[in-house]
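Novice: Now for the letters of each chain:
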Amino acid sequence: MKLHNISINNLRRRKAKMAFLTIGLMVGIATIVTLVTITSSMSRDIGKKMDEFGANILIMPQSNDLSMSYGGISLGRVTFDQREIREEDLAKITTIRNHRNILAVSPKVLGGIRLGTRDALLVGVDFEKELKMKQWWSIFGEVPKKEDEILLGSAAADSVHLTPGDTVAVAGRTFTVSGVLAETGSQDDSLVFMPLRGAQRLLGKEGRITLVEVAALCSGCPIGDMVVQIAEKLPDARVTAIQQVVESRLKALDHFRRFAFAVAGVVVFIGSLIVFVTMMGSVNERTTEIGVFRAIGFRKSHIIRIILLEAALVSLLAGLLGYAAGMGGAGIALPFMAETKDAALVWDGTVMAGSILLSLVVGMLASLYPALHASRMDPTEALRAL
Amino acid sequence: MALITIENLKKHYRSGDDIVAALRGVSLTIEQGEFVTIMGQSGSGKSTLLSVLGGMNHPTEGEVEMAGVKLYRLPGERLADFRAEKLGFVFQSFHLIPYLTARENVMLPLAITKMKKAEKVKAADQALERVGLAGKAARLPNQLSGGEQERVAIARAIVNNPPILLADEPTGNLDSATSEEVMNLFRRLNEEGQTVVMVTHNPENCAYADRTISLRDGVIVEERRGATPARSAA
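These protein sequences, in sequence, are chains G and Y.
Residue numbers are given in the working numbering: position 66 of the first sequence equals residue 66, and the series is strictly consecutive.
Add 1000 to a position in the second sequence, counting from 1, and you land on the number used in the working numbering.
Only chain G is shown next, with the shape it has when bound in the complex:
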């Protein structure tokens, strides 16, 4: 027989009251869990989309002499390229503090070539990395695997009337068109792609890189910081962040999150009021009982402990159930709110721990006054005849 036996047995006997108390607190916790989970699932969803948009950091050689453009961003003059990035410098990018946020680093070498009868811009890429970054690419034919294979942008292919399997002469060598890109609506349409090594050799730029695209896994990751970190590692390069449309979406989501927290705050406040009123009623109902405890020598602190322990047990249960119910609610609501169909629920241990902790804090705070009130009850109540 210890004080906690009293608390536990009382809760067991008053199942209905306890259920009411638990539900009151649970609804508040569940609301918070639902809103938090939905917003974080949605921002992950948007983040995923952002990754699909491609690179968000561009690394170019320091140069004042500009003549070419890639994606609306000017590039260093490729024909006078003393300041190109060395290939061995690439490894430094993955040593930045936020290196975990880096999804892919795709180095490129650029140069003008004559494709059949036309001038074209040749881009040497590491296809494995490039495809990781440009997930929207769809290719008719094959991805080039050998150094004498090329991939053509749709416009480039049209202009020289080439289809997969054809051969073409470039700088005196014969290349096979292994694939043609479906139209992307971007600058990629007019480019000629080939494996990085082959392009470097063809352009006479062995071991050198014209520009590097970096895709950072970003739902709220610190792009600005990463830019600074990469710039520190590569002092000869110019590092720029590409502003994405999705960032404004994240901002909108942030507004929604704030609104959600305000709503959740109100619901939790109501939950705490329910706890307060119910505990107060329960304490008043138990006047005689508490009088008996005091009469047989329980200290005020013992009474407070009994009441708060009851509150803690109920809050713990409410926190657990609230988390479960909240995740359930989020699971139901997410498909209606997310942008993509396969948006996944984010199961987050901190949300679970947080909801239990919050439930405990709210439940205990709301029960503090009832517990104090109980401890101040007059022990002579026990002597009064009913």
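Each hint should be verified, as a subset may be incorrect.
For the chain Y half of the interface with chain G, some residues (derived, Cβ under 10 Å), not all of them [as the list claims (entries may be wrong)]:
| hint | residue |
| --- | --- |
| 1 | G1055 |
| 2 | N1057 |
| 3 | R1073 |
| 4 | G1076 |
| 5 | D1081 |
| 6 | F1091 |
| 7 | P1098 |
| 8 | R1103 |
| 9 | V1106 |
| 10 | P1109 |
| 11 | A1111 |
| 12 | I1112 |
| 13 | A1157 |
| 14 | N1160 |
| 15 | N1161 |
| 16 | P1163 |
Once the Cα atoms are required to be at most 16 Å apart in a straight line, the calculated EDC-like pairs of lysine to aspartate or glutamate come out as [said to hold, decoys possible]:
| hint | chain 1 | residue 1 | chain 2 | residue 2 |
| --- | --- | --- | --- | --- |
| 17 | G | K2 | Y | E1119 |
| 18 | Y | K1114 | Y | E1085 |
| 19 | G | K205 | G | E88 |
| 20 | G | K233 | G | E87 |
| 21 | G | K300 | Y | E1180 |
| 22 | G | K300 | Y | E1077 |
| 23 | Y | K1086 | Y | E1031 |
| 24 | G | K146 | G | D119 |
| 25 | G | K146 | G | D126 |
Derived CB-CB ranges, DEER-like [stated by the list, open to error]:
| hint | chain 1 | residue 1 | chain 2 | residue 2 | range |
| --- | --- | --- | --- | --- | --- |
| 26 | G | V361 | Y | S1176 | 55 to 63 Å |
| 27 | Y | E1191 | G | L365 | 50 to 58 Å |
| 28 | Y | P1203 | G | L365 | 49 to 57 Å |
| 29 | G | V361 | Y | Y1072 | 33 to 41 Å |
| 30 | G | A262 | Y | V1069 | 52 to 60 Å |
| 31 | Y | S1145 | G | N5 | 20 to 28 Å |
| 32 | G | Y369 | Y | A1207 | 46 to 54 Å |
| 33 | G | A262 | Y | Y1072 | 50 to 58 Å |
| 34 | Y | K1116 | G | R12 | 19 to 27 Å |
| 35 | G | R12 | Y | H1201 | 50 to 58 Å |
| 36 | Y | G1033 | G | Y369 | 29 to 37 Å |
| 37 | Y | Y1072 | G | F20 | 40 to 48 Å |
| 38 | G | R12 | Y | G1132 | 24 to 32 Å |
| 39 | G | F20 | Y | A1207 | 49 to 57 Å |
The hints are simulated quantities; they were obtained by calculation from the structure and are not laboratory data.
All C-beta atoms, glycine included, are put in the ideal place defined by N, C-alpha and C.
Position chain Y relative to chain G; hints supplied.
Specialist: What follows is chain Y alone, placed relative to chain G:
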């Protein structure tokens, strides 16, 4: 030496604008091992006297000394500790905790002690045995008869062997046959050395006591001593 000494005890209550004097100068000594009943009509001040004796009601004036301790000079929660160590209470309506079994109810005063669980269970079972309820330890109060509930309440009051047992109308809710059983139990405990102070308005109960004090309007009006106490059946 006297176990309980009360000197010129006064207790005034405020009732609206009026001040009601519940006790108007009561002096009394109770010896170790005595069985004392306090008689009186409703409003005579007997319940107030018991609550003051029980360390639950600060007197307006006067001093209460129990087991060598000046009760109302104890600071704050030391008074609660005193109740836990020195006093056993039997309440009028038993006041068992409905969600605890008989054994758990008896163990209640031990819940705040540092005794080991096995010792608590042993003490509770011994107390239940002393009141003749050894076989009903696992029952809840609503599975016990009125007399049995009263005996659980008595077991709870004696489980920590307090020097003083205080009882408030212990037979108030019992029929006469059960009342007799309960009074015999008090008598037997007293014969085993337990000091008992009982408040009652039933004159029949006084037959079990060594001494009866009658209160009226907050003062002692009569004190009968050494009557022939009815002996317990056991």
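Novice: Looking back at the numbered hints, which does the structure fail to meet, lowest number first?
Specialist: 3, 15, 16, 21, 24, 35, 36
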